[in-house]
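Colleague: Residue strings, one per chain:
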Amino acid sequence: MKIRTLYHAVAALAVCTILATSASADDVEVDVHETNVEETAPEAAVDNYVGDYAPGIQRGYGQPDLFYNFYTQGGANRVNAQMYLSPIPVPPNVGHTFYTYQPFYPHHMLYPHKDRFHHQYDCGRGMNRTRALYYYPPARQAASNVYWNFLRIPR
Amino acid sequence: MIHRIILAVGLVTASVAASQTSVTAGDPYGMAQVWSYNFSMNRPWHGNYYNQMHGQPLALIVPPTAHMRQTYSWGVGQNLMYPIHHQYGRSANSPGVAPRGGFHATPRWPSHTDQFGTYYVRGPW
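Chains as they are written, first to last, in the numbering used here: chain A, 1 to 155; chain B, 156 to 280.
One chain only, chain A, in its complex shape:
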């Protein structure tokens, strides 16, 4: 009797997981986790910080742009397109809107994936690591699957 209940539970679990994770929908949710890693550096010289120069090691720390854009690539284009404020930039007196938080760039919402963003600060002694997870909402996905696979009249 117990094993039969276990079977039912297993079957229900399998159906739920398959319903919740199969097929695709039309929008992606984002889940952002941030961690701050600040190294404790000892007293440094005035001009530079400990770790900037080490014997035999040249270290460079990333200085990413606040807002970076994307462009079409290739050598055969007669015209190139930028991705943000497409197709052409607005005149300077119109003003401009920047996305200053990279995990919320709209092009990440196009497909489910994971991504990581790093930012170095305090002359490279601190690093901010952001992990973003873009995924389809499971409950809404399951409801959508029920509609499109069972309830909808196929026409």
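These are calculated hints, taken from the structure and not from any lab test. Every residue, glycine too, gets a C-beta built ideally from N, C-alpha and C.
Residues of chain B placed beyond 12 Å of chain A at every Cβ, according to the derived structure:
(1) Gly-185
(2) Gln-225
(3) Gly-230
(4) Gly-232
(5) Thr-261
(6) Pro-262
(7) Pro-265
(8) Ser-266
(9) Asp-269
(10) Gln-270
The calculated label-pair distances, taken between Cβ atoms and stated as ranges, are:
(11) Trp-229(B) with Ala-139(A): 44 to 50 Å
(12) Leu-151(A) with Asn-197(B): 44 to 50 Å
(13) Tyr-192(B) with Arg-152(A): 38 to 44 Å
(14) Trp-280(B) with Val-32(A): 17 to 23 Å
(15) Pro-262(B) with Val-94(A): 30 to 36 Å
(16) Ala-139(A) with Tyr-192(B): 34 to 40 Å
(17) Trp-190(B) with Pro-92(A): 39 to 45 Å
(18) Tyr-192(B) with Val-146(A): 38 to 44 Å
If you want the footprint, here are the derived chain B segments under chain A, 3+ residues with CB under 8 Å:
(19) 198–212
(20) 215–223
(21) 241–255
(22) 273–279
Put chain B on the given structure of chain A with help from the hints.
Modeller: Below, chain B alone, put in the same frame as chain A:
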């Protein structure tokens, strides 16, 4: 009894493993990515027509997981599929804006979907 427990545990494991298949590009070694990159290096992302609203060919961003585009024209034999090679990248290129007269206008009676001057470019990864 022990066989049934083993079977149940196996079923649970299989269901969990099957439910965790994430959506990927289906290109584990990046071969299609390399092909698309190589093709896009010596082919333009645009066609010969400009978009009527902007005077330039218009790049329509599609997900980077998109593979193919469909064109429609008069007649069954003109409905063709092409791969989408081009993808947005970080480095800016020139020329940014094409001079006037470099592209054709949409005909008064369009006969092909490429004549509307909107062309797909995949978004960055």
